[in-house]
Each structure stands twice: as C-alpha cells, then as structure tokens.
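Undergrad: Here are the chains, one letter per residue:
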Amino acid sequence: MTGVFTLSLPLPPVDESEVLRYAACFEPDENTIALLKSCTAEAQGVLQGRVCWCIAEVGTLVNGCTLGALELPSLDLRSNLSGCKEAVVFGATLGVGMDRLINKYGYISPAKALMLQALGSERIEALCDSFCKYIGQELGAHLRSRYSPGYGDLPLESQRDIFALLDCPKNIGLCLTEGLVMTPSKSVTAVCGIASTCLGSYDNPHKCGLCPKTDCLFRRTV
Amino acid sequence: MTFREFLNSNIVIFDGAMGTLLQKNGLVPGEHPERMNLTHPQVVQSIHRDYFDAGSNVVCTNTFGANSLKFGSDELEQIVCAAVGNARAAAEQSRGSQQKFVALDIGPSGKLLKPLGDLDFEDAVEVFAQTVRLGVRFGADLILIETMSDSYETKAALLAAKENSDLPVIVSCAYGADGKLLTGADACAMAALLEGMGADAIGANCSLGPLQLTPVIEKLLERCSVPVIFKPNAGLPREKDGVTTFDITPREFARSVADAVRKGVRIAGGCCGTSPEYIKLLSDAVSSLSPLPVTKKGLTVVSSYSHAVTLGDEPVLIGERINPTGKKRFKQALLNGDMDYILGEGVKQQEKGVHVLDVNVGLPGIDEVKMLRDTVCALQSICDLPLQIDTANTRAMEQALRRVSGKPLINSVNGKAESMHSIFPIAKKYGGVIIALTLDENGIPATAEGRVEIAKKILKTAESYGIDKKDIVFDTLVMAVSADNRAARATLDAMRTIRFELGCHTSLGVSNVSFGLPARDALNSTFFAMALAGGLSCAIMNPFSPDMMRTYHSYRALAGLDASCARYIEESAGFSAAVSVSASAPAPTQIADDGGSELKTAIIKGLSSRAESCAAQLLKTRAPMDIVEQDIIPALNTVGDGFENKKLYLPQLLMSAEAAKAAFEQVRLRMSGTRQQGKKIPFVLATVKGDIHDIGKNIVKLLLQNYGFDVVDLGKDVPAETICDAVKAHNAPFAGLCALMTTTVPAMEETITLLKKEAPFCRTVVGGAVLTEDYALRIGADKYAKDAMEAVKYARSIKI
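Chains R and S are the protein sequences, given in the same order. Residue numbering for the first sequence follows my numbering, beginning at 1 and increasing consecutively. Residue numbering for the second sequence follows my numbering, beginning at 223 and increasing consecutively.
If you're looking for bench data, these hints aren't it; they were derived computationally from the structure. You may find that some hints are simply not true.
[As the list claims (entries may be wrong)] Once the Cα atoms are required to be at most 16 Å apart in a straight line, the calculated EDC-like pairs of lysine to aspartate or glutamate come out as:
1) S:K869 x R:E27
2) S:K292 x R:D167
3) S:K868 x R:D29
4) S:K827 x R:D29
5) S:K827 x R:E30
6) S:K868 x R:E27
7) S:K869 x R:E138
8) S:K827 x R:D167
9) S:K462 x R:E138
10) S:K869 x R:E30
11) S:K292 x R:E178
[Claimed, not checked] What follows is a set of in silico ranges between Cβ atoms, one per label pair, in the way DEER data are often shown:
12) R:I33 x S:G464: 47 to 57 Å
13) S:P437 x R:K37: 28 to 38 Å
14) S:R742 x R:P12: 49 to 59 Å
15) R:K37 x S:N859: 28 to 38 Å
16) R:K37 x S:P647: 19 to 29 Å
17) R:K37 x S:G464: 45 to 55 Å
18) S:N230 x R:K37: 51 to 61 Å
19) S:D535 x R:E42: 48 to 58 Å
20) R:P12 x S:N232: 44 to 54 Å
21) R:E42 x S:N232: 42 to 52 Å
22) R:E57 x S:D947: 51 to 61 Å
By construction, the Cβ of each residue, glycine as well, lies at the ideal position given by its N, Cα and C atoms.
Use the sequences and the hints to build the structure in full.
TA: Rendered as structure tokens:
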C-alpha cells in the first residue's frame, strides 16, 4: 500500500439543475432560481476541496475483501472490485465553511439552508468526480464507480477503519462522530477499483441504474 | 536548567518526524503508533536517541494521538508512562552534550467540536487533561500541543494544559497554503487567542514545507510577544517506485529553517518527512546564530474563530443590539428562549458592518449563567465576529469566557477593589481585552483628572495580576448632557489623556450622551464624531442608526483611513436611501383597499421584505389577530395545499413560510408587552441523540411557528432525558423527533419509550429520511409525518 497523500482541488462550475434536483424542486420559479444564485454566490468564498487518498492492494476474503491491511466484510464491494488488483481509497470534504453557512441559515432562513444543503451535495459529488478524473489520468487507468460505507452490504462501521487508514482528521480535517456521521457533513469516503477496462465508471450517467431502490424520488432515468 | 530558562537565552532545537520513521520500522497504516512505546520500546528509543545525537534539545514523546478517545484509561497510562520513559532513556543514551528536555506531545483529538461535530468543549478539555496529568506525573519537562487545525480545540487543549500543570506549554498549529487552519483561523487570530491564554511559545508545524509556511511565520513574528516555534514538513510527499519520499532535501530544509531563525524564530525542528539527518544539518546551520530577542508588540487585539480585530487608528464598531435594556421584543425573546431572534440581531448587525458584537442577556427571571453561555456558543456558530461579553455576573462571565472561541472583549471591570479582584483573575486565565470603567467606590468623578487617576489605579492593579496595559481599554463614561452640560467634555478630555498620555485604547457607549433629549441621533452622531476626532478606539453603538453610520464613514474618509474614499462612496448610496425609508413607509394608497390580498400575495410568492412592510402597514388600521386570521393563515394554507398537490416544491414552501414569519414578527412587535396573545400550544422538537442532521427539524419548526405553536427547539444530538425533561417542564402535548441515520433510529425508540413512561400525555410525531410509517408505529410513535406539512396538519387536528 502507498502512503497517504493530500490534495486541494479546484471545484468545477455548479450544475444548477443538479442542485435543484437535490432540493427536490423539479419546476423552479424565478424566486427559487434567485435563491439558488444567492446561495451559490455566498458559498463560493467558503468552499474548499480537500482530498486524501492512498492506493491499496485488493485481496479477497470468504465474506468480503481486503484493502491493504484492512478487512472489509462485504461481498458487494468484493464483486465491485473483481478484476482489480488495486483500489484508490479516499476521503473528500468541502470543509467546515459549508456547514457553518448551513447552520447559520438553519437559524435565520430555512429556505436558504435547504438550498445550501442541496448545493453542498452537488459540490461534494462534483469534487469526487474531479478527483476520480484526476487520479484516473495520473494512473492511466479506469476507475470503477465509487463505493462507500453504507452501500450494499458494506457496513457503515467500516467507516472507522477507512478513517484510521487515511487519518482523515489530520490530513483533511474530516472527523467521524460516535454515531458514524462525518463532520464536516459535506464529505465522502469511498473505494474505487483501479481497472484496465471501463466498467460502470465514476462518470457513468446511468449510475442510478446500479441501485435497487427503484421508487427513489431522486432516481435518474437518463 | 529549566526549559523556560533555556528558552530565554537560546535557540532551541526540536526533533523531527516520528510517524514516518515508525512506519519504516514496521508500523502499518491504520495502527496506533503510540502502542509502539509498549511493543517496540527499543525502536522508539533509538529514534529519540538519533534526534538527540543530531543535536535536538527537545524530543517529543510518541504520544501524538495518546488520548482517552482512542485508548482505555489503563492503556493510556501505560503508553504515556512508557513514552516519557523512552524519551528519558534516549536522553541518557545519547552522546550529545547539549541541554536535553522531554516534551509531552499532544496532537488533535481527531474529533470536531460542537456544534460542527459531536465533541463537547468541556469533554475536549477533559480528554486533553487526562493526557496532561499523566505527562506531568511521569515527568515531562514541557508540553507541546501541535498540528492543531481548529482554534476552538486548540483552546481546549491549552486550557487543559494550564489547568493541570505548571509546565511550559508550546502551541503549534497546522496552517494551509492559504495561511489558515482547516477550520478557518488565521495566524493573527491564533496569536491573539494563545498569547492571551498564556502559551509560552506559539508557532506553526506540519502541512507544508518551510518556504510555503514562511508567510505564516513572518506574521507570527510580527504579532507575538512570546517566542515563535517553526517545525515544517520536508516539503510534500511523492510516490517513487513504491516508496514515499518528500521533495525537500535535508540541506534545503536546514537552509530555509535557519533563515526563519535569522528572522526571529526561537524554536526550530521538523515535522512529517524529516529525519535525524534534517535535524543535524539544521542544528549545524543555526549553531553560529545568536537568538534574536523576543520583543513586546503592545498590540491590543481581540479575535474570533477566524480572524483578529486590532485596535488602533481604525475605529472599531461594537454592535450594542444584543441587549434587553429598553427593548420589549428582546426581553420577550430572552424569556421564551427564542434564540433565533437573538441570533438574527447578531447577523443583522454584522451585515451593517460592525466589527465586534456586544452580548448582554441579563434579565431578572432568567438563568444568566446558562443563557449567556448558550448565546455565546450559538452566536459563534453562525457569525465570525469577535464578541464582547457584557455582564455584571462574574460566574456568567467566567462560563462565557471559557466557551468563547477566540479572545473576547470583557465588559467590564471598574476601579472598585471588588470588581478588579473578581475580573482580573479570570481575564488572566482565559485571556481577553478588558473594558475598564473609570469609576470606583466613590462613584464617577465629575472631572477628567479624577477619571484619569482611577485609570492609573486600574492599570497598577492589573499589572499586579500580570495583565499588560495593552489588554485594558478604558471607557471614560458617557453621561447625559441634559443633566450636566459639561458632561460630554469631561468624558472626551479624560479619553484623550488616557489615549495619548497613558497610551491605552478607549471605548465609549456613545448613545448615553443624548439621554432625556429629543432627536437623539443628531446628538449621538455629533458626539461620536467629536470622540473619533479625539482618538476614540472603539464605540459601543447602534449600527441601525443611519446617522451613526454616516458619521463613521465620513470620519474614515476625512481621517485618511479610506483610500480614494472608496468605502464612503460605496456606502453613500445607502445614506440617502436610509433617509427615504425612514421618512416614508410604502405609500398607503398602493395597498389601501387591497392590503389583505397584497400581504397574501407576498407570502404566497415568498417575498419576505414585502410581506413585512405590508403587515406593518396593515397593523396601522387593523387588529393584529385579524390580520393573522384573515391574511397570513389563509396564505399559508394556499401554499400548503400547493405543496401537497405538487404544484409547489419545498424551497418555495419555505420561502413562503419565511415571508409569513416576517409578517408575524411585525404582529408580534405590535403585541409584545400586551397580554392579547392567546395561550400557545407547546411543541417540543429535537433531533435525537447521535444524529446531527437538523434541516428537516428546522423546516417543521418554521411551519409550526407559523401556525401558532410555541416551539421548544432543543437542537440536535439531544439525549432522551433532555427531551423528556423539556416535555414535562412545558407540559407539552407534542414532541417531534427527527432522525436521519439508520444508526440513530434506536435513540428515537429509546426516547419514545421514555416519554411513554414519564410523560404519557405527550404525543410523539416522528420524521426523517430513514423512517417509514410501519417502522415509526413499530417503535411506538403516535404519528409518522412524511413531511413538515403533515406534522402541522396532525398537530392542528388534535384538540388540546
């Protein structure tokens, strides 16, 4: 396994339709658009994009797989990583500034807090996409779709092991609560198999197709 | 020789990395390096010894993450004992003849503090305190708190060190390329906070190489009156042939760090990627250098979690509006525990441009100690301004000083012996700039000379507590000019003498001058101008007064503080606008006949300021409750129906709810102080223990408030017992519980069970992403609400 690296990445432009989708607003009126624009402008100054990662060898267990010294009891992840010798393990966060803004407007304007929540969700996904694109290019490889604790049968508790592996608190200021909530809240940890061929990769527009929850409000059909 | 004595007259060399060397010796990523003190003492000792051999005066124990969050108390004790022992053994084994010390190393807890994370400030203090007590017991010579990335957590660690030892404490933080900690503090803010609390040395380590951290170090050297420590990384890590290397060579590293020593750094070492070779070259490079003296900077600085505000030529505005004196609506908010209103006052003042917020929540009938502490915590979670803690209650002052994230203004001390002896000790302990009123046991002297004499007495007493005059700001007391027509002159004369002869900064509560006279803004702003011209450093004032803000911006332009008068020009547009707004509310003819429907339209469209002005206009002619029943509630119902029929979406629902709230605020202003308000039904609301998601809860709260419920918002991560106590205390017929995580649903079930047992009269309404109706009923909830409107509908359907 490699050492742990950290990186600050610039964030790509905001995808407004994606933010509105997260805000569960499917037919925005002009007030809603104005709200979105003001939130985007206000968040611009506080958003950070920090990532820490390492590359670990993938091994198999009877009930799951290994990443370096880490044992993960998940058959779903094992099948996600099948054919991959190595995987990128990473943690990414937008930093506490976004949480502070959401917290502030939680007190004084819940509409803004809602829109900032949605914006934060869009931004952290965009950060992860940027990172995966970057690391894929660096390695000259295809990355499998991101797989995080809580997906499929990968228990949320495995978050603790991933945090210990990456030392997320020290490297990017990303912490874990007793209840396994990540703080700052707009953060992601994930495993991406490093593959030689493209298969359900991070930029696959049909990634919702992999999910069994077909009645989801947010499911994308495109 | 003690470490402090050695530091006084020498350049101190620290060690370099420990973790990277342990990994070379078999430590696997993800394992706790601190255990190697017990499992591989020889390895740890040899690393320490190599550093001593390379010339280190201080090695840091292998205890970076040794805290009670990661280890049980027995193991923690064994680790710290072994770690100090390993460092001591290395000192004895080393052939180096230099002075050698052992520093107890303390790193971050690995948790974010509340409200951003789940670690309570006092729990953080206790976590650090346990390690400190062990370090003291096993004989460390000093404490190094390092690689801190959050100012609040750093305060907790330093407080723990100070409360549990007399050892020298060095505090070093990890700054990013933007010159800030991960949670936002810059070097000036950290210098103010840490020096205020009595750190022996302050500095930067980790994160970057020496060159990238140089701007931070230069800033610290400019601001600190204590020695500066510098322990950068060996640059950035790179992966080469499966091996991690760092991109700065030992020679480059030694040269850059020695350059920093030439600029004044007094303690130097290395962090990630450095090795005994780096330290050897560094030690050689500085061996011929003489230590630069550490000079007093004499800066009067307050700070928040993010930045510092320095008193000087630039006048500092302290917003006075968080204070119940003479404000019925504010008193009502305090009595109801209505934190949203109080925080709103803070945010509005910040938007007007104040630099510091005064916080005064003293009111008969409330628990001021708790209220002040809670208000300080809430304010600093939503606003990045430094605070001025304003209370006459010493216990409330101490609790607030403990919790404030930064170096605050302390309002106030005066020349009475009792006041000085109660305030100075806590000011010394927690740090702060103290507002000192020039009065004493004999009252307020009528003359300027009398007030200056009291100032001198206060300075002398402060000095005996080790408080420097830079941390005292004098308020020469503004008296009503209507009672004594020489009052303003005495105040200003005393202020000038103190500013220019005693060399201390000054503050005034400007608005008192006009007490008892008409058109107070005119007097206030003119007096403010006179005081500014006479050298006033900061003013406690009302930023909503256009006259005061005009004076402030005009003064800055005239005093040469506003380059090209840019700010004046920018603000001047608002000067005339402010006049027209105060002179004429929306023209009555516009809404005379159709006012009801215009208010309705404003709410339906989600236009808060329009709804507010419509409501204010309507209140001139109609009864408050009539407007609520005829306009506001029908508008809300229309929006609620639209939401249910999927014609409107959540953001629109919320904007309308906020507009309704703005209209309600006008109604409440009209009704405050009267007894017309009907009894409201209490509704206790909380996100359950372990969960920190609260947006859904806040949405429910807003809608419930709009429909007239008295919402008792307990916040997030709330234990079952707290919820149960609140339900009982308010005799609340409803408790709304929110949970977003599958892992926290058990806490919800536990809360419901406790409520059923202790408060069977209360109905539980639950919601949150992971819940379903089936599941909600299975855990005993009375009602599952799929969204906020459903919760409101349910509560309204029950006859109480």
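Undergrad: With reference to the structure, classify each hint as holding or not holding.
TA: Results of checking the hints against the structure:
1. A distance of roughly 8 Å separates the Cα atoms of K869 (chain S) and E27 (chain R); the hinted pair therefore holds under the 16 Å criterion.
2. Restraint check for K292 (chain S) and D167 (chain R): the C-alpha separation of about 13 Å stays at or below 16 Å, so the hint holds.
3. For the suggested pair K868 (chain S) and D29 (chain R), the alpha carbons sit about 13 Å apart, so the restraint of at most 16 Å is met.
4. Annotation: proposed proximity of K827 (chain S) to D29 (chain R) holds, straight-line Cα distance about 10 Å (limit 16 Å).
5. Only pairs whose Cα atoms come within 16 Å are accepted, and K827 (chain S) paired with E30 (chain R) is accepted, the gap being roughly 10 Å.
6. Note on K868 (chain S) and E27 (chain R): the hinted pairing holds, with a Cα-Cα distance of about 10 Å set against a maximum of 16 Å.
7. For the hint pairing K869 (chain S) with E138 (chain R), the CA-to-CA distance comes to about 47 Å; that exceeds 16 Å, so the pair is violated.
8. Straight-line distance between C-alpha atoms of K827 (chain S) and D167 (chain R) comes to about 48 Å, which puts the hinted pair past the 16 Å bound.
9. Taken as a hint, the K462 (chain S) and E138 (chain R) pair is honoured in the structure, with Cα atoms around 13 Å apart against an allowance of 16 Å.
10. Distance hint between K869 (chain S) and E30 (chain R) is fulfilled; the C-alpha atoms sit about 15 Å from each other, no more than 16 Å.
11. At most 16 Å may separate the alpha-carbon atoms for a hinted pair to count; K292 (chain S) and E178 (chain R) meet this at roughly 12 Å.
12. Separated by about 51 Å at the C-beta atoms, I33 (chain R) and G464 (chain S) satisfy the suggested range of 47 to 57 Å.
13. Judged by the Cβ atoms, the range 28 to 38 Å given for P437 (chain S) and K37 (chain R) holds: they are separated by roughly 34 Å.
14. For R742 (chain S) and P12 (chain R), the hinted distance range of 49 to 59 Å is satisfied, since their beta carbons lie about 53 Å from each other.
15. In this structure the supplied range 28 to 38 Å holds for K37 (chain R) paired with N859 (chain S), their Cβ-Cβ distance being about 29 Å.
16. Between K37 (chain R) and P647 (chain S) the C-beta distance comes to about 51 Å, which lies outside the given range of 19 to 29 Å.
17. Distance hint for K37 (chain R) and G464 (chain S): a CB-CB separation of about 48 Å, consistent with the stated range 45 to 55 Å.
18. Our hint of 51 to 61 Å for N230 (chain S) and K37 (chain R) holds, since their Cβ atoms are close to 57 Å apart.
19. As the Cβ distance of D535 (chain S) to E42 (chain R) is approximately 31 Å, the hint placing it in 48 to 58 Å is violated.
20. A hinted range of 44 to 54 Å holds for the C-beta pair P12 (chain R) and N232 (chain S), which are about 51 Å apart.
21. Distance hint check for E42 (chain R) and N232 (chain S): the Cβ-Cβ separation is about 49 Å, which falls inside the suggested range of 42 to 52 Å.
22. About 52 Å separates the C-beta atoms of E57 (chain R) and D947 (chain S), a value consistent with the hinted range of 51 to 61 Å.
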